[in-house]
Amino acid sequence: MKFLCIPCDSPMKLQTIAPPEGGSLSVVYSCPECGYEMAMLTNPYETQLVQSLGVRIGPEMGVGGSGSLRAAGASASHAEASAEAGASGSRCPFTAMMPAMEGPRAIDRAPTGVVARPGQGGETIPVRWTAAAEARLANIPEFVRPMARIGIEKFAMENGSLEIDEKVLDAAREFFGM
Amino acid sequence: MPPSDLRGAEGCKLSTSGIVTKVKRYHDIAGDGGSRVLEQVAEQRARITDGLAGVRHLVAVGSGKGGVGKSTLTLHLAGALRARGLRIAILDADFNGPSQARMAGVQGALFVPGSHKVALPRTRSGIGVFSMGSLIPESAALEFESAADGESHTWRATREFALLGEILGSFEWGSLDLLMIDLPPGAERTVQFADFLGPRTSFLLVTIPSAVARGVVARSVAALSKGPNRLHGYVENMSGYYCRDCNAIKPLFVSPEPAGLGIPCLGTVPFDPELARHCDRGIPLAELPGTPVGRALEDVAQQLLDSLESTKEPPR
Numbered sequence: 001m002k003f004l005c006i007p008c009d010s011p012m013k014l015q016t017i018a019p020p021e022g023g024s025l026s027v028v029y030s031c032p033e034c035g036y037e038m039a040m041l042t043n044p045y046e047t048q049l050v051q052s053l054g055v056r057i058g059p060e061m062g063v064g065g066s067g068s069l070r071a072a073g074a075s076a077s078h079a080e081a082s083a084e085a086g087a088s089g090s091r092c093p094f095t096a097m098m099p100a101m102e103g104p105r106a107i108d109r110a111p112t113g114v115v116a117r118p119g120q121g122g123e124t125i126p127v128r129w130t131a132a133a134e135a136r137l138a139n140i141p142e143f144v145r146p147m148a149r150i151g152i153e154k155f156a157m158e159n160g161s162l163e164i165d166e167k168v169l170d171a172a173r174e175f176f177g178m
Numbered sequence: 001m002p003p004s005d006l007r008g009a010e011g012c013k014l015s016t017s018g019i020v021t022k023v024k025r026y027h028d029i030a031g032d033g034g035s036r037v038l039e040q041v042a043e044q045r046a047r048i049t050d051g052l053a054g055v056r057h058l059v060a061v062g063s064g065k066g067g068v069g070k071s072t073l074t075l076h077l078a079g080a081l082r083a084r085g086l087r088i089a090i091l092d093a094d095f096n097g098p099s100q101a102r103m104a105g106v107q108g109a110l111f112v113p114g115s116h117k118v119a120l121p122r123t124r125s126g127i128g129v130f131s132m133g134s135l136i137p138e139s140a141a142l143e144f145e146s147a148a149d150g151e152s153h154t155w156r157a158t159r160e161f162a163l164l165g166e167i168l169g170s171f172e173w174g175s176l177d178l179l180m181i182d183l184p185p186g187a188e189r190t191v192q193f194a195d196f197l198g199p200r201t202s203f204l205l206v207t208i209p210s211a212v213a214r215g216v217v218a219r220s221v222a223a224l225s226k227g228p229n230r231l232h233g234y235v236e237n238m239s240g241y242y243c244r245d246c247n248a249i250k251p252l253f254v255s256p257e258p259a260g261l262g263i264p265c266l267g268t269v270p271f272d273p274e275l276a277r278h279c280d281r282g283i284p285l286a287e288l289p290g291t292p293v294g295r296a297l298e299d300v301a302q303q304l305l306d307s308l309e310s311t312k313e314p315p316r
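Going down the list, the protein sequences come from chains A and B.
Quick note on this note's numbering: the first sequence kicks off at 1 and runs consecutively.
Quick note on this note's numbering: the second sequence kicks off at 1 and runs consecutively.
Worth double-checking, as some hints may not be accurate.
Derived DSS-like pairs (lysine-lysine); straight-line CA-CA distance at most 27 Å [claimed, not checked]:
id : chain 1 : residue 1 : chain 2 : residue 2
1  : B       : Lys22     : A       : Lys13
2  : A       : Lys154    : A       : Lys167
3  : A       : Lys13     : A       : Lys2
4  : A       : Lys13     : B       : Lys117
5  : A       : Lys154    : B       : Lys226
6  : B       : Lys117    : A       : Lys2
Computed footprint of chain B on chain A; a stretch qualifies when at least three of its residues, placed anywhere within it, have a C-beta under 8 Å from a C-beta of chain B [unchecked claim]:
id : region
7  : 1-10
8  : 40-50
9  : 138-148
10 : 151-162
11 : 166-173
Derived Cβ-Cβ restraints for the label pairs, each shown as a range [said to hold, decoys possible]:
id : chain 1 : residue 1 : chain 2 : residue 2 : range
12 : B       : Ala42     : A       : Leu41     : 25 to 35 Å
13 : B       : Cys243    : A       : Glu166    : 50 to 60 Å
14 : A       : Ser26     : B       : Phe253    : 57 to 67 Å
15 : A       : Glu37     : B       : His27     : 17 to 27 Å
16 : A       : Asp9      : B       : Gly54     : 45 to 55 Å
Hints are computed from structural coordinates only; laboratory data are not their basis.
Glycine included, every Cβ here is placed at the ideal spot set by N, Cα and C.
Using the sequences and the hints, build the whole thing.
Right, here's the structure in full:
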């Protein structure tokens, strides 16, 4: 959708997106000519319809590139959320909304809300990921990420490694004939 | 504050001074003011196109009717074509009732990140398979986070297609001769997939010899025929059952009349309880060689291959 400042006959520009609350987004637009501001307040249906397109409202605020779309969203764990934010440098307007709406359930869920294997996401495995390996993980779809993390860590441990780097990832690909 | 305007005819405003001016319409304004929604949708489409650039043929296996054996047929046709040396992958697009993971033996598949995309789990015979059944246990249902809980009828289909787009754009499909897309039931869903996947995707429909199933499949044919997607034809599955004791095909349905779907029949495939047992255990068709069912599937695979290689549009 677009907003037009009728007195100025000028398209309005998106200025800010307020933290979502109760399923509603507050998106502020302003007229570049007269400075008049207006807020678009969505109801939960409208919010969900936009989210269902797999997009987010607003500009890139960092160096997310193509991965930023996939890196955004509620996380399977707070640790992963931090890693994703670091990798993408941007933040989805729905990110803050989802944990608030879902409460503790969000912890057990895959990032885009696709339910992964319950319980497995909470396992603690003392395996360290290098930044490069973590970056590769951040490039894959959010709903696959928790399963990928668990599987790779299991593979690494079974092969006597407590650190996952790109060599371990490549070894896993080769081992499983990918 | 803007002056108070009285709206006149559509697209016009009547100012307090009485001057009628035309209000800009949506397409009069370049850009979207910064929401980037359309831009992101276009980026998604470009990512899908790029991800499938190395795929020679896209074939969606649908029906409209549920329970006719779409998934089983998809897997076994893929197996038969793989045995001929083709590079094959299967995308199980039935997110809510995924069965390929179990049947193809990739339920516990490992998802390994590549440099930019995810490697595709593979069967022992080298068929790439994506199935939501590799991610979600059979005891759980697919759920999405939602800002509109309890109102999924308003957004769920859109969300599932966004997920399909993410899968198509995020997995390493690589260089393939054929990507088979195992569709969910629903005649309307079949058409939605045609719209989403675009005209380069062709369709193979599956029916069984019952008037009820044929009626539903006929609706799918009618709906698909209005679009640009090529229809290879249909396969009549469960055309009888294979009795191992008698070594004969016996009738399963009493339906003497022909399917009358108006598209080519690529073959008939009898039901084999032993094959069904193999599917449940993730054992490939190759381990049941020389059976009537195996031979029927080989014939259908050849028919499909011939149709794929032919540039002639099948009669409708």
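Against the structure, the hints:
1. B:Lys22 - A:Lys13: 21 Å, holds
2. A:Lys154 - A:Lys167: This hinted pair holds, its Cα atoms lying about 15 Å apart.
3. A:Lys13 - A:Lys2: With a Cα-Cα distance of about 9 Å, the restraint between Lys13 of chain A and Lys2 of chain A holds, given a limit of 27 Å.
4. A:Lys13 - B:Lys117: Cα-Cα ~34 Å, so violated.
5. A:Lys154 - B:Lys226: 50 Å, violated
6. B:Lys117 - A:Lys2: With Cα atoms ~34 Å apart, Lys117 of chain B and Lys2 of chain A exceed 27 Å; violated.
7. 1-10: holds (count 8)
8. 40-50: holds (count 6)
9. 138-148: Contact hint for the region 138-148 of chain A vs chain B: holds, 7 residues under 8 Å.
10. 151-162: Result for this restraint: holds, n = 3.
11. 166-173: holds (count 3)
12. B:Ala42 - A:Leu41: 25 to 35 Å: This hint holds: roughly 27 Å between Cβ atoms.
13. B:Cys243 - A:Glu166: 50 to 60 Å: Cβ of Cys243 of chain B to Cβ of Glu166 of chain A: about 55 Å, so the range 50 to 60 Å holds.
14. A:Ser26 - B:Phe253: 57 to 67 Å: 59 Å, holds
15. A:Glu37 - B:His27: 17 to 27 Å: With a Cβ separation near 25 Å, Glu37 of chain A and His27 of chain B satisfy 17 to 27 Å, so the hint holds.
16. A:Asp9 - B:Gly54: 45 to 55 Å: At 48 Å between Cβs, range holds.
This entry does not satisfy hints 4, 5 and 6, going by the numbered hints stated previously.
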